[in-house]
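Q: One line per chain: the protein sequences are A and B, in this order. Everything in the first sequence is counted per numbering that gives the first Met the number 0, starting at 0 for the first residue and increasing by one. Everything in the second sequence is counted per numbering that gives the first Met the number 0, starting at 0 for the first residue and increasing by one.
Think of the hints as simulated: they come from the structure by calculation, not from any bench.
Just a few of them, taken from the derived set where beta-carbon distance is under 8 angstroms, the chain B residues facing chain A:
1) L3
2) I7
3) L11
4) G14
5) L18
6) F21
7) L22
8) L25
9) D34
10) G35
11) S38
12) R39
13) F42
Model, not experiment: these values are computed from the prediction. Beta carbons: idealized from backbone N, C-alpha and C, even for Gly.
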Amino acid sequence: MTSAAAVVTAFGAPPVSAPASAAADAVCVHCGSAIPAGAAAGRRFCCAGCEAAYSLVSGLGLEQYYARRTLDPAVRAPTPADDAAAAAGAPDGDPTGFAVADGEGGWRLHLMLDGLHCAACVWLIESVLSRESGITEARVNLTTRRLRLRWTGEAARAAHFAGLVRRLGYRAVPFDPAVLAAAGAASSQDRELLRALAVAGFAAANVMLLSVAIWADVAGEMGSATRDLLHWVSALVALPAIAYAGRPFFRSAVAALRAGRTNMDVPISIGVTLAAAMSVFETVRSYEHAYFDSAVTLLFFLLVGRYLDAIARGRARQTVEHLVGLMAAPVTVLDLRTGAVRQVAPAAVAVGQTVLVAAGERIGVDGRVLDGRSDLDRSLIDGETVPAPAAPGTELFAGTVNLTAPLRVVVTATGDGTLLAEIVRLVEAAEQGRARYVVLADRVARRYAPAVHLLALATFLGHLLIGGAAGWQQALLAAVAVLIITCPCALGLAVPIVQVVASGRLLRRGILLKSATALERLAEIDTIVFDKTGTLTLGNLELRRDAGPVDPDALREAASLAAVSRHPLSSALRRACPDAPAAADVEECPGEGLRRRAAPDGCGEIRLGSRRFCGVADADENAVGGGPELWLARPGRRPVRFVFADALRPDAAETVAALRAQGKRVLLLSGDRRAVVEAAAAAAGIDEWQAEVPPAGKAARLASLAAEGARVMMVGDGINDAPSLAAAHVSMSPSTAAAVSQTAADVVFQGRSLSAVTGTLSIARLASRLVVQNIGLAIGYNAFAVPLAMAGYVTPLVAAAAMSSSSLLVVGNALRLHWRTRS
Amino acid sequence: MTVLVYLIPIALCLGFAGLAAFLWALRSGQFEDLDGAASRILFDDPAPPPPASLPRSPSRPLKG
Numbered sequence: 000m001t002s003a004a005a006v007v008t009a010f011g012a013p014p015v016s017a018p019a020s021a022a023a024d025a026v027c028v029h030c031g032s033a034i035p036a037g038a039a040a041g042r043r044f045c046c047a048g049c050e051a052a053y054s055l056v057s058g059l060g061l062e063q064y065y066a067r068r069t070l071d072p073a074v075r076a077p078t079p080a081d082d083a084a085a086a087a088g089a090p091d092g093d094p095t096g097f098a099v100a101d102g103e104g105g106w107r108l109h110l111m112l113d114g115l116h117c118a119a120c121v122w123l124i125e126s127v128l129s130r131e132s133g134i135t136e137a138r139v140n141l142t143t144r145r146l147r148l149r150w151t152g153e154a155a156r157a158a159h160f161a162g163l164v165r166r167l168g169y170r171a172v173p174f175d176p177a178v179l180a181a182a183g184a185a186s187s188q189d190r191e192l193l194r195a196l197a198v199a200g201f202a203a204a205n206v207m208l209l210s211v212a213i214w215a216d217v218a219g220e221m222g223s224a225t226r227d228l229l230h231w232v233s234a235l236v237a238l239p240a241i242a243y244a245g246r247p248f249f250r251s252a253v254a255a256l257r258a259g260r261t262n263m264d265v266p267i268s269i270g271v272t273l274a275a276a277m278s279v280f281e282t283v284r285s286y287e288h289a290y291f292d293s294a295v296t297l298l299f300f301l302l303v304g305r306y307l308d309a310i311a312r313g314r315a316r317q318t319v320e321h322l323v324g325l326m327a328a329p330v331t332v333l334d335l336r337t338g339a340v341r342q343v344a345p346a347a348v349a350v351g352q353t354v355l356v357a358a359g360e361r362i363g364v365d366g367r368v369l370d371g372r373s374d375l376d377r378s379l380i381d382g383e384t385v386p387a388p389a390a391p392g393t394e395l396f397a398g399t400v401n402l403t404a405p406l407r408v409v410v411t412a413t414g415d416g417t418l419l420a421e422i423v424r425l426v427e428a429a430e431q432g433r434a435r436y437v438v439l440a441d442r443v444a445r446r447y448a449p450a451v452h453l454l455a456l457a458t459f460l461g462h463l464l465i466g467g468a469a470g471w472q473q474a475l476l477a478a479v480a481v482l483i484i485t486c487p488c489a490l491g492l493a494v495p496i497v498q499v500v501a502s503g504r505l506l507r508r509g510i511l512l513k514s515a516t517a518l519e520r521l522a523e524i525d526t527i528v529f530d531k532t533g534t535l536t537l538g539n540l541e542l543r544r545d546a547g548p549v550d551p552d553a554l555r556e557a558a559s560l561a562a563v564s565r566h567p568l569s570s571a572l573r574r575a576c577p578d579a580p581a582a583a584d585v586e587e588c589p590g591e592g593l594r595r596r597a598a599p600d601g602c603g604e605i606r607l608g609s610r611r612f613c614g615v616a617d618a619d620e621n622a623v624g625g626g627p628e629l630w631l632a633r634p635g636r637r638p639v640r641f642v643f644a645d646a647l648r649p650d651a652a653e654t655v656a657a658l659r660a661q662g663k664r665v666l667l668l669s670g671d672r673r674a675v676v677e678a679a680a681a682a683a684g685i686d687e688w689q690a691e692v693p694p695a696g697k698a699a700r701l702a703s704l705a706a707e708g709a710r711v712m713m714v715g716d717g718i719n720d721a722p723s724l725a726a727a728h729v730s731m732s733p734s735t736a737a738a739v740s741q742t743a744a745d746v747v748f749q750g751r752s753l754s755a756v757t758g759t760l761s762i763a764r765l766a767s768r769l770v771v772q773n774i775g776l777a778i779g780y781n782a783f784a785v786p787l788a789m790a791g792y793v794t795p796l797v798a799a800a801a802m803s804s805s806s807l808l809v810v811g812n813a814l815r816l817h818w819r820t821r822s
Numbered sequence: 000m001t002v003l004v005y006l007i008p009i010a011l012c013l014g015f016a017g018l019a020a021f022l023w024a025l026r027s028g029q030f031e032d033l034d035g036a037a038s039r040i041l042f043d044d045p046a047p048p049p050p051a052s053l054p055r056s057p058s059r060p061l062k063g
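So that you can see chain A by itself, here it is in the shape it has in the complex (with noise of 0.2 angstroms):
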């Protein structure tokens, strides 16, 4: 949300009272969303959550928040969880095991936030939090979408801020800030560019208003002395910019050198180095010309390619950081002896612990049920989208989404040993052959290297030919003159603000970019292989009304009784008739289905549930395949089945048939059960589908089409997606997927639409082309100014607007992207 938006609503905004105006349109007061219809008239709120964070919000005096805020369609709506979830912190997480004593008696707690919309909303959340006593500190960082939290007292007062951030709306997952240290030192590499940046454009424009002095002085009439003055402090200002702002290409290109290669990086150094030591001893002999200016603006430029790129992948990584932390939510580890339950984090769990896994939460480990049952969502480890019972003995893995009721679970493999384990090892066994992959500025820096380092050492003999040996230092000058004006200051900004450009462009697009090279290696896609569930569907199951009419009265009853559970089937019917009240006195029976006890008014037993649990039998209707179903049981009455599917992304058949009119190939790899691809292939228009693939089967498939020449873009979300991701030529994942899967993809792509492909792979065509064109016109510069140099006829004047000029030509050709893609 823009902050431009935001102050619209904070003062553009007639001074209506929010709760009226928004119950005229029926929709919620706190959340936005549209009131179920049927609901009972002149009903302000959604739920009894969103009743909850209004009274919450207003008794605290804080209303204008509903008039200062602007919702954003694309964020999660603020609505919180039923209350009894939300108090037991399911499936979040209780926070007070991330409390860190912070030295001064007090207590640190660092929250990911989800669902934050806009400003209004940071000032709500430090506001409610800054009214606790005892907090000293309440930050929201909206553009991390993190908050820092330290109070003084008790380190078990977390649970009661976390749970007001949650009756909020909010999700608040805590995390431990040491585990995102990897990233920080990312972070600090680029707060390094910046400074870098800062001080080399210090230097370039104080070093250039002096140049400027002494090439306007056309008629000669400016004293030596006064040039010597002006060239002294140049130097004086240049020599400790470009040690310091040089040091990222310094390293670098010692660094390649070590190892017995060459990279850009080196003959920016040799130039920039030597374009200083010639001007220092210019200067100490009071001689004309000194490249100070030159030397300095190069390492300017090159800076913000540099600082760019890095940001542009920066902004991508910490997305993803927080799309992958939102879903590790702690472990609550119970102690047999004691009894006593505590939260740790899934790494600091053991062997043989007892794990309790509450209806709604993610598993965090590998295990085997001791005690319950109940229904598993096992669709991100092998795309099967039908839940799978749980009962004692079941063996689970981290990653399954425990359904209905709760579950103790002993930890039977941590750390090396899980499933998750064993996939990451695949993931990186695969990303190694990637690695290989050698992006075209490189190739092209390979060669450029040697190339004019050839050609200065051949100016140097010709003058010497030339001019004899007396003439050694004419012949040193120009030589030096070739590799300043060679430097690849254009080459080194062709690709990054090309990158820049395309990873804005797709970032708006809520396409978030992490590789470098993603964009290269989209734009040169052939193949396209899909997984199903999640990827291709959207991984919800929908009510099927196709199968056959619906009775809407026993749709009715049955989605009354499913509005107790939270199974995905039950989800599915109450999404299906939303206005149906909530039965009283219903029992689930996990694995089996729902049962609504025989009322005293006379009405009988009703069941919702399996075939076997409503008592049907399994000749009925069986021939009518395809799809989980539920069965309607009611006394006296004959049963009645709802189908159900798992919906393809709205766009999925368009995307597809642009792709195929693109002369793409598509494939479907799936895991699920073969009658269920089939049908979603056929239904999205693709011929080529396989399905029961295990997950090394799916990466054995894509090394095959590479063999075969194809270059393969995987789209996938499972974990067992994850090493076929890592081993296709590129691999895109949506923001649902499991946090492996979003670790191993180039690209991740976040809403519902699937047109996120085709869009993706339109830029990174256009994009590949403007850097193929900027290389070109980079290299056509160093064709027209480099026989100038290797002359002699190169002044300090001629370096400085042919590197400015090509740079700004790159810039601008970059930016066509922007246009372009504009609409």
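Keeping the supplied structure of chain A fixed, place chain B upon it in accordance with the hints.
A: Then chain B, alone, in the frame of chain A:
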């Protein structure tokens, strides 16, 4: 041309002051939340709560 003896140092000092100010701002974390800072200024502090419950004003937290 003797005026250059004053003017060049003055110009350089001014530029250096700007650089120093920027580096200070960077070090003190002023660039960490550009989105939040841009709109934070637009919101008034809420009506002051009872002083006992609030050791410090929410809009001026401790540096962490």
